[in-house]
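Those sequence lines, one after another, are chains A and B. The numbering used here puts the first sequence at residues 1 to 320. The numbering used here puts the second sequence at residues 1 to 320.
Just so you know, not all the hints are guaranteed correct.
No distinction is drawn between identical chains; accordingly, a pair holds when it is met within one copy or between any pair of copies.
[What the hints assert, rightly or not] Straight-line C-alpha distance at most 25 Å; calculated BS3-like pairs for lysine-lysine:
#1 K296 - K11
#2 K205 - K13
#3 K55 - K70
#4 K294 - K70
#5 K205 - K11
#6 K253 - K205
These are computed hints drawn from the structure, not numbers from a lab.
2 protein chains.
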Amino acid sequence: MAVYTAVSDQKLKHFLADYDIGRAISFKGIAEGVENSNYFLLTDKGPHILTLYEKRVAPDDLPFFLGLMKHLAGRGIVCPTPIHGRDGEVLRTLCGRPAAITSFLSGVWPLSPAPVHCGPLGEALAKMHIAGLDYPVRRENSLSVVGWQALLAETRERANDFAPGLAKELEQELDEVSALWPDDLPEGIIHADLFPDNVFYEGGKLTGLIDFYFACNDFLAYDLAVCLNAWCFEPNVSFNVTKARLMINAYRKVRPCSDAELSALPLLARGSALRFLLTRLYDWLNQVDGAMVKPKDPTEYIKKLRFHRDLSGPGAYGVE
Amino acid sequence: MAVYTAVSDQKLKHFLADYDIGRAISFKGIAEGVENSNYFLLTDKGPHILTLYEKRVAPDDLPFFLGLMKHLAGRGIVCPTPIHGRDGEVLRTLCGRPAAITSFLSGVWPLSPAPVHCGPLGEALAKMHIAGLDYPVRRENSLSVVGWQALLAETRERANDFAPGLAKELEQELDEVSALWPDDLPEGIIHADLFPDNVFYEGGKLTGLIDFYFACNDFLAYDLAVCLNAWCFEPNVSFNVTKARLMINAYRKVRPCSDAELSALPLLARGSALRFLLTRLYDWLNQVDGAMVKPKDPTEYIKKLRFHRDLSGPGAYGVE
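Chain A extracted, bound-state conformation (with noise of 0.2 Å):
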């Protein structure tokens, strides 16, 4: 939960005489997210969601996001959707940080993600990624293999500072999964962190996705695996396999899976608690004195690791 960067209410003004949504009515910093600063937005007009983009975003991938998210609005998608100044422009600055202003998402996250969640967890992710299919632009997962490489050199000499042996595991997980990670599964954009922070629900219903800002062009199959990752393990790190079943059944009714990758699940799932590990670790290894966002706790993801290495095939998620 943050808000990096303050705004003035006379900055506000200045800014908003860019666009045409009306005069703030009230504006709060939300203390959700960690990666930027986000703010309510209250117009005569209605809500808004004004997001500063903080360090940890690269400016040039931003038009990337922006235009994905407007993209997937156009095609029905339930997501944040860039509000345009009167210039036509969706992203400027504000307080030295690139800025925009977004449209405001219905519904309330899961704190205590159930089953009920996830079979429309499923089918959204299927229709985010078949409506993702003719976005033109790229973006390569910074996140995968070849990024896990950067982020284990960058902690291996801590890591048993951490846990004892973590280095090792580390070392030979990260060899292991990279000689077996596939290279022919069908491609297209995911989202990539598709937590239960990260999806609305209202009675039920799902109402909408938000946070694109780790979304790139990979494996299809690998973002059903982050949310095995995110949705299926209880808060004790046992496996929910109600919950897996649900998500990936309804996932195939609308896009249907391939056994190749129905096959790579376990080792993408794998390779998912990698990913989530390595930049836990990577967090927690550098923490900031006075920081306003404490560091997750790595030790869940060690062990969400070590439940998919073990596992001999898909079955262990429900796939029949």
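Given chain A, work out where chain B should sit, using these hints.
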């Protein structure tokens, strides 16, 4: 900025069942306030604020605060109004904490208070003082002279770690201020914490006052002295007499001040500076590892204290 308590969608739904305000459409933690957890709660009947009272607020004081907000709202002061549940109660429990829903106020607080804000501020403060005169409940100001003595006792030993010589300066200051502190100025309900982030404006018009969780019975002129400190210094801690004059004159038009009140202003402002210096110093010396809120630097209030101490009378505030 902080949300200390995460409220699940399930717990929220259960909580809202006791109210007649519709179902949640959006629910977002607000990155403002350091004492409590505040959520923006949009239901199909409109926007509200949900507050969970964290450990710094004494539960026994909550009926005083919530009753005061209702009392003031009933007398035309725009402030958050507690919303009754179906049982008529405004205070209940959520996630193990006392919690209340209040009305949502429009407006934006000024990050850089300008002279244009100060007249409306003085007027609103005086109106609030008058509206509070017949509030039938009392609450002593726990952060007046006796409270300062307790705070000094807890900070004296390490005050010099923060700034050499500070312990002695604080002792002398508290001795003098205690000896001179008046006992016969007009009293009533004061806000006691009316900083810029607690006052909303819309298009130059003051639209409301929030955060009454330090409100208490004390000298009405002491509230004006708090505002002198909170609103009339520039970021470099130079005093802006134009702001002070606008504020005090607007106040006096609504609630005329006695000569004794005006003469006491430098002493009251000195006491108020001492109060914020002591609480900030206490927080600074008692920082908690991993805390979500960075304590405010006490230095600003050392300078403010010295400014008021050196004045010969209220003329420096533009008082004629």
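Quick one: K253 to K205, C-alpha cut-off 25 Å, is that within a copy, between copies, both, or neither? within (18 Å within a copy, 55 Å between copies)
Regarding K294 and K70, is the shortest C-alpha distance of 25 Å or less found within a copy, between copies, in both, or in neither? neither (32 Å within a copy, 37 Å between copies)
At 25 Å max between alpha carbons, let me know whether K296 reaches K11 within a copy, between copies, both or neither. between (33 Å within a copy, 23 Å between copies)
Tell me, please, which holds for K205 and K13 at an alpha-carbon limit of 25 Å: within, between, both or neither? between (36 Å within a copy, 14 Å between copies)
Within, between, both or neither: how does the pair K55, K70 come out at a Cα-Cα threshold of 25 Å? within (23 Å within a copy, 44 Å between copies)
Can you give me the call for K205 and K11, within, between, both or neither, at a CA distance of at most 25 Å? This pair counts as between: shortest inter-copy Cα distance 17 Å, intra-copy 37 Å.
Hint check: a violation occurs at hint 4 only; the rest are consistent with the structure.
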